[in-house]
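Number of protein chains: 2
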Amino acid sequence: MRTALTDLVGVRHPIVQTGMGWVAGPRLVTATARAGALGILASATMTPEQLRSAVREVRSRTDAPFGVNLRADAGDARERVRIIVEEGVRVASFALAPSRELIAELKDAGVLVVPSVGARRHAEKVAAWGADAVIVQGGEGGGHTGDVATTVLLPQVVDAVDIPVVAAGGFHDGRGLVAALAYGAAGVAMGTRFLLTSDSTVPDAVKARYLAATAKDITLTRAVDGLPHRMLRTEMVAELEGGAGRLRALYGAVRRASRFRRLSGLSWPGMVRDGLAMRHGK
Amino acid sequence: MRTALTDLVGVRHPIVQTGMGWVAGPRLVTATARAGALGILASATMTPEQLRSAVREVRSRTDAPFGVNLRADAGDARERVRIIVEEGVRVASFALAPSRELIAELKDAGVLVVPSVGARRHAEKVAAWGADAVIVQGGEGGGHTGDVATTVLLPQVVDAVDIPVVAAGGFHDGRGLVAALAYGAAGVAMGTRFLLTSDSTVPDAVKARYLAATAKDITLTRAVDGLPHRMLRTEMVAELEGGAGRLRALYGAVRRASRFRRLSGLSWPGMVRDGLAMRHGK
Chain A
771 MRTALTDLVG
781 VRHPIVQTGM
791 GWVAGPRLVT
801 ATARAGALGI
811 LASATMTPEQ
821 LRSAVREVRS
831 RTDAPFGVNL
841 RADAGDARER
851 VRIIVEEGVR
861 VASFALAPSR
871 ELIAELKDAG
881 VLVVPSVGAR
891 RHAEKVAAWG
901 ADAVIVQGGE
911 GGGHTGDVAT
921 TVLLPQVVDA
931 VDIPVVAAGG
941 FHDGRGLVAA
951 LAYGAAGVAM
961 GTRFLLTSDS
971 TVPDAVKARY
981 LAATAKDITL
991 TRAVDGLPHR
1001 MLRTEMVAEL
1011 EGGAGRLRAL
1021 YGAVRRASRF
1031 RRLSGLSWPG
1041 MVRDGLAMRH
1051 GK
Chain B
771 MRTALTDLVG
781 VRHPIVQTGM
791 GWVAGPRLVT
801 ATARAGALGI
811 LASATMTPEQ
821 LRSAVREVRS
831 RTDAPFGVNL
841 RADAGDARER
851 VRIIVEEGVR
861 VASFALAPSR
871 ELIAELKDAG
881 VLVVPSVGAR
891 RHAEKVAAWG
901 ADAVIVQGGE
911 GGGHTGDVAT
921 TVLLPQVVDA
931 VDIPVVAAGG
941 FHDGRGLVAA
951 LAYGAAGVAM
961 GTRFLLTSDS
971 TVPDAVKARY
981 LAATAKDITL
991 TRAVDGLPHR
1001 MLRTEMVAEL
1011 EGGAGRLRAL
1021 YGAVRRASRF
1031 RRLSGLSWPG
1041 MVRDGLAMRH
1051 GK
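Protein chains in written order, with the numbering used here: chain A, 771 to 1052; chain B, 771 to 1052.
Simulated from the structure, these hints should not be mistaken for lab results.
Computed from a predicted structure; not experimentally measured.
Careful: at least some of the hints might be erroneous.
Since the list can't tell identical chains apart, any single copy or any two copies may satisfy a pair.
As the list claims (entries may be wrong) - SDA-like cross-link-like pairs, simulated, lysine to any residue; straight-line CA separation at most 20 Å:
#1 Lys986 - Arg852
#2 Lys877 - Ala983
#3 Lys986 - Pro998
#4 Lys895 - Thr984
#5 Lys986 - His999
#6 Lys877 - Ala993
#7 Lys986 - Asp917
#8 Lys986 - Arg891
#9 Lys977 - Glu819
#10 Lys895 - Lys986
#11 Lys986 - Asp902
#12 Lys986 - Asp929
For reference, chain A alone in the conformation it holds in the complex (with noise of 0.2 Å):
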């Protein structure tokens, strides 16, 4: 199947395996490339040499392109850009939009810009700023983005602007890809449905969770990291909801952040400005 997203990346199918967090490694993104689809590096849960030991080990294994997803807002989001242009990496997509600075620094390299939106006004800004295609998630998906739904967003979006248009939210089969290309969209872009693939390393025990799930099960919450998510409504969700107290909920995101600090090997004074730019991100 040929749309403009195949045509722009190279890929044989338009469906890409979106950045997710500790899930989308080297193992998922090269079984994803050498089946023909869009593999993206999640890169904000790795230091930036794991990045690039990352990129390396995805590049020994599949000459198919993929890319890598970063925050914009991180403070060494220059850093990992770098490492993306020096290793020649296909598609750099952003989970909130980037500035135009990094758009332009990363073009000049040739590297496709794919930032990741939830509004039509921002698609919009990150088409004008050069943007080479866009993955516009509808409230129904897990990232951080909006709360409207995929069936109103994703029209408005190819209506509005001139480059691929990638679906995300809610799509999980071929009837959604059908149904994406129907809306005028170049593709369609999934997280769950790769998370629960035998590539992915996700415990089986988290998977089995999934399956089990309905979609009662899901909830929206800031709990986690203060920005919206779409997620499996678990004992942590719980508790960090239901916690009573703001010292409580200060000890909380403080045992959080220490834990997550040692899992990511983030340093404290990375971890603190990166937090503040996601709280007064957009």
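Use these hints to put chain B onto chain A, whose structure you have.
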């Protein structure tokens, strides 16, 4: 275009004009029927006498099939069912799932029963009770249904039941119809799009408000009648939601109920009964 819906109902296009209170009267339904889609009279804002006269008015202007929407939990639901049967209306649709007995009574009289649902288990329930088709409304729809987005809910329901599924919630043009068919639906149901036609009796000033609105101007509120309702964030909604104190809220509720009663011609006891039924309804 031929689908399971056009075959079932005998319409030329797999499109349903929903039974919007106040809006879906004889004029709009006649125009819809003549255009080849399925128009549905909204009976909740009519007295039984007004309903009978509206049905006769449409019948006098077109031979094409049309439907009547009613509240299964209304105190006089059986009286309205009798009118539908006596007047030979083709389709009975329901905003809330009807009882097994009500479905049986309508089917015995040769009326097609098409409930609206917002959850897979409700679709399974009414299908098991003999409903002829089901309108599945995603969370982005305006009616009183659930909060699961169309992209997630629709394929679930299509997989779960064997009767024709009509997709509602976020559909507004031909692209949406193709998308719905891709998911396996037999057609789409639309409200707002018909509200904005020249055959809608809604005042031009109101249509202008809709046309000027963006996705950001939509709100989900229980302030109007106690059930979740997705609608324009108007001054009225702001006033209802911002009302300080329970006394003021009670005063406002009585004032609005009084106005609703005057406009609808319903009796006070009937309104109170219906209001309690809605509160207890699922």
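Here's how the hints hold up against the structure:
no., hint, in the structure
1, Lys986 - Arg852, "neither (43 Å within a copy, 37 Å between copies)"
2, Lys877 - Ala983, "neither (41 Å within a copy, 36 Å between copies)"
3, Lys986 - Pro998, "both (17 Å within a copy, 16 Å between copies)"
4, Lys895 - Thr984, "between (36 Å within a copy, 17 Å between copies)"
5, Lys986 - His999, "both (15 Å within a copy, 19 Å between copies)"
6, Lys877 - Ala993, "neither (36 Å within a copy, 49 Å between copies)"
7, Lys986 - Asp917, "both (17 Å within a copy, 9 Å between copies)"
8, Lys986 - Arg891, "between (31 Å within a copy, 11 Å between copies)"
9, Lys977 - Glu819, "neither (29 Å within a copy, 57 Å between copies)"
10, Lys895 - Lys986, "between (35 Å within a copy, 17 Å between copies)"
11, Lys986 - Asp902, "neither (37 Å within a copy, 26 Å between copies)"
12, Lys986 - Asp929, "between (33 Å within a copy, 17 Å between copies)"
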